[in-house]
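With the sequences and hints as input, model every part of the structure.
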Amino acid sequence: MANDPLTAQGAQRILDRALRDGGLFADVFCECRSTVQMRLQEGAIHEAGFSQNLGAGVRVVVGESAGYAYTEDLTEERLIEAAGRAAAIARLTAEGSVRATRLESLERARDALYDRARTENAAPALLAALLERAEIAARASEPRIVAVNAHVVDELQELWIARSDGSFRFDRRPMVTLGVQCIARAGRERGTGYCADGGRTSLDFFGSTTPEQLAREAARIATVNLDARPAPAGEFETLIGAGGGGVLLHEAVGHGLEGDFNRRGVSLYSGRIGERVASECVTIYDDGNLPEERGSASFDDEGTTCGHTVLVERGILRGYLHDELNARLMGVRSTGNGRRQSFRHLPQPRMCNTYMPPGDVPLDEMIASVRDGIYAKSFAGGQVDIGKGDFVFMIAEGYRIERGRLGAAVKNATIVGNGPDAMTKVTAVGNDARLARRHYTCGKGGQYVPVGVGMPTLKVSAMSLGGTEGA
Amino acid sequence: MREEEARERARRAVEIALAAGASDAEARIVLARRFNAQARGERITKLDASDGRSLSMRLFLDGRKATLAGTHWSDEEIRAGVTSALEQARYVGVDSYAGLPDPCALPDRRLDLYDESIENRDDDERLDDVRNVERSIRATDARIDNSNGSSYHDACVTMALANSRGALGSYRGTQAALSTSPVASEGAYRRTAHYGDASRFLSRLDAPDAVAREAVRRTVAFCGATKPPTQTTAIVFDREVAAALLADLFAACNAANVAVGNSWLAGRIGERVGSDLLEIYDDGTIPGALGSSPFDDEGVPTQRTTVFERGTLRSFLFDTYYARRLGARSTGNASGGGIGPNTFFLAPGKQTPEALVAATARGILVMETIGFATEHASGLYSRGARGIMIRDGELAESIEEFTIAAPFPEILAGIDAVANDLKFDGSIAAPSFRVAEMQVSGSLSAP
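Residue numbers (our numbering), protein chains in the order written: chain A, 1 to 471; chain B, 1001 to 1447.
Honestly, the hints are just simulated from the structure, not real lab data. Given the structure is predicted, the values throughout are model-derived calculations rather than measurements. Beta carbons: idealized from backbone N, C-alpha and C, even for Gly. Take the hints with a grain of salt, since some may be wrong.
[Stated by the list, open to error] Straight-line distance between alpha carbons at most 25 angstroms, and here's what the computed BS3-like set of lysine-lysine pairs gives:
| hint | chain 1 | residue 1 | chain 2 | residue 2 |
| --- | --- | --- | --- | --- |
| 1 | B | K1227 | A | K425 |
| 2 | B | K1046 | A | K444 |
| 3 | B | K1423 | B | K1350 |
[Stated by the list, open to error] Derived coverage of chain B by chain A (criterion: at least 3 residues anywhere in the stretch with Cβ under 8 angstroms from a Cβ of chain A; other residues may be distant):
| hint | stretch |
| --- | --- |
| 4 | 1061-1074 |
| 5 | 1088-1096 |
| 6 | 1178-1190 |
Below, the structure is given as C-alpha cells:
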C-alpha cells in the first residue's frame, strides 16, 4: 500500500478505547494481503485470479480470555467501534486494568530473512511462463503421464501491529509457491505424484529450483505409484525419509508442545518439562528465523520477535511454543509463535519451522539394517490427537525393504502411531538432515498458516502400516 | 436494508467490470454477522463479534476467465481489482466452455433458511448456552476433569448475486452451532473428543446438555482402549464417520475431478458400483437444511440429483462449466469457484444404529477416523481409526491405534446394512452403515 493505513496516533486512540473497560493487554492487527495466482490444467492456463484482503482486528486480553472484533472498513470510526466490541470481554470478566503505553513510532522490520523491497505482485506473464514450462517438462519426462495440473501463487502480506505495551511494528512478507501434480495411467490403474516448492521469496527462486525439476519429480512419483503394489497391513520397522519426513516431528511432537494445550493441561506433554519423552538420539527445534522458509518471520502475528526454541534435546523435553496470552498465564515469555491466518482470526501458539539436526548414520546403512520393513520416503499429510498423541500420515512415496534391500513401491498407505511411543522407538538418525521443499501448510482450530519442516532419515523400530493386504 | 444494499453493490460491480472491458461478469457479495463465544471452566474465554463483507467476481474476456476476490467495496477499489484481474485474464487459454450460465430467472423459493430468533438473540442467552454445555460435560461423568473449551457460534448471512446476463437475486440464511471438547485423564494421556450440533434454526439445535452428553459418551468410550490385532472384519461406520467417508465419495462424484481423470468413477455412469443399499442424492431444496439454498454460487437453481440409485452410478455433480464440457446440465453445485455439495447424503434404512450393532456377529464400530488424503484417482481409502469391538451383537472393549483400509469400490459393494439415524446437520450427511468386510491393521499378534 502507498500509505500506512494505521498511524501511531490512530492506533493509540483504538487501544485506549479497547482498554477503557478493563483488560490487561490489547493489540490492533492490520493487514493487507494481495495474491495473484494461476492454474494450469489440460495443457492450458485454465484460470487466473487476483485477490486483495484489507482489514484489521482489535483484541482485548484479560487472564485467559480474549475479546475480538474485526472490520474491513478501516475508518477510525469503525475501528473504534470494533475496539468497543472487543472490550465486551473485559466487562464480563471484570478483572485487571492497565492503560495503554504511549506508542513508539512505527518500526519497520529490516533483518535479512527475506526481501521486503518488492511492493507489487509479480507480472502475470511470469506466472504463465512457469506453468507452461512445468507442463512441457512433465509430459516429456514420462510417456504414461495423462494429466498435469500446476498452480503458481505470488503473495504479498503487509502488516501493522500496534500493542498496548507501546510496540508498533510493520513488516512486508512475500510468499511464492509453484506446485505440479501429475497423474500417470495404465489401463484402469492410476498413480498420482505431487511436488511443490517456493517460500518467502520471489518468482526468481524458480531460476535455480526450476519448474522442470519440480515437474519431473512429480512425474517420477506418479509413475512410481502407478507401478506400486497394495501395501501390506501390520507393524513394520520403518524408515522415515529425510526432509518431508519432518511432518512426523510436526504432528507427533510439535503440536503437543503448543502453549495453549499445555497451559490448559490437555496435552500428554503437559507438566513434563525436563522429563525424557524420546530416545536419546532425538533433538527437535522450532525456529522462525530460517531465511526464506515458509514459517519464518521477523516477528510473529502479535509483533513478538520470532525465536529459536529447543523443544526436545537428546530425548529430554525442554520447552513449549508460546504466544503472548499463554506465555503470560504460564509466567514465561512468548517464544514468538503467536500466529494467525488473517485479520479475521485470533492468534494461537503455532509452529514456525520444526526440524531435527543430523545424526551420523548414512542412508544405505540404515536400509541395509532393516530385515522386513517400510521406507516412507515422503508424506502427503498428517494429523494428530493432542491428548493421546496418536497420529496418522499418508505416504506419498513409499517402498518395501526386504532383507536390507529396497523393494517394490507400496500404494498410498497410511501410517498410524503414537507420538511419544514412536519417539522412544527411534533407533537411528541419518546424516542426511535437510529442510523439506517449501510447501507445507498447517491447520489448527480452523486456521491455516504456512510452516516449514526438516529432518534427517529416521529409523523407527515399529510402526503400523494401514495397507489393504493381510499380513 | 442490508439485503438491498448487497444486491445493489453486486449489480454495480458487474457494471464496473463491463465498463472496464470484461465481455461478461458475475459478482457475488456475502455479508455476514458472526458471533463466536467459547467457555472453559467457569469463564467465557473467547468472545468474537464481527460484521464481515466480501466480494467475489468472475470475469470473462472472450472465452478467458479470471477471478477477483477480497474486500474491495468502493467503486474505485472494485475498478482497480477488476483491472488487475483482466490483465491476468489475457494469459488464460481461450476455452469455449467458459462463461456464465444460460439466462434464467433466479427462483424466489421459500426454503425456510432464516431464523429471526438467531438474528435477535440476546448476547446473555448465547453465553448461557455455552456456559451450560461446559458445566454439563463436567457434571455428566466424574472422569471428565478438564476441557478444551465449549463453543457457541451463530451467523446471519446475506448472499447476493448479479451477472451481466441479467441475473439479480439474493437470499438470507442463518446458522447456529454448539460444540464441546471434554477431556478425561487416564494416566499420562488425555482422552478428548469433539462433538457438536448445527442447525439453521435455534429451536432445532440440540440442547446444551444433549450436546454435552454425546460429547462425554464419545470421550470416555475410549478410556482403557487397546490396539487390536491385524484382521479382516465387518466395519460399522458411526454416522459422524460415515459422513466423513461420504465427503471422499463426493470428491469422486465432482465433475471437475471426473473431467481431468482424477476420479475412480470416471467413465462409469450406468455401472453398478455399490450394493443395493447405496442410494445417494444431492439436494439443495430440502426446507430448513444447512445445505439448502434457492440457487448456487453462479445463480443456477438448486435441485435434487440422484447420484447413486440402488448401487448404480446415475450422475456426477456439475457446475455450468463442467456440464458444458461433459455434455450434461448443471446440477446446481457451483460453490465458491468450484463444485461443492448442497446436501449430499446417503438415504437412511429402517433399523436403529443399536439394532444394526446387535445384528453384527463380529466387527468394529468405528467412531472416529483421522487422516484425510484419499487418492481420488485410484479410490483407495485408508484411515487411522478408533472404535469399539462388536462381539455377538454386543459392544465389547474399545480399541484404537489401528487403520481401516479398502478400495472404494469394495467399500460401496460391501455395504450390507444402513441405519435410520440420518440428520441434516451439515452439507454432507449419512446414517450409520455397515461394510461386510475391511482390512484392519493393528498389532502383529493373531486374534
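Please verify whether K1423 of chain B and K1350 of chain B have alpha carbons no more than 25 angstroms apart.
holds, 14 angstroms
Measure nothing beyond the straight line between the CA atoms of K1046 of chain B and K444 of chain A; if it is 25 angstroms or shorter, mark the hint as holding.
Roughly 16 angstroms separates the two Cα atoms, so the pair holds.
Is the listed coverage of the stretch 1061-1074 of chain B by chain A valid when you require three or more residues with a beta carbon under 8 angstroms from a beta carbon of that chain?
holds (count 9)
Three-residue Cβ test at 8 angstroms for the coverage of the stretch 1178-1190 of chain B by chain A:
holds (count 4)
Taking beta carbons only, do three or more residues of the stretch 1088-1096 of chain B come closer than 8 angstroms to chain A?
Since 7 is at least three, the answer is holds.
So if I understand the rule, the pair passes when the alpha-carbon distance is 25 angstroms or less; does K1227 of chain B with K425 of chain A pass?
Satisfied, since the Cα-Cα distance of roughly 17 angstroms is no more than 25 angstroms.
The earlier numbered hints are all upheld by this structure, with none contradicted.
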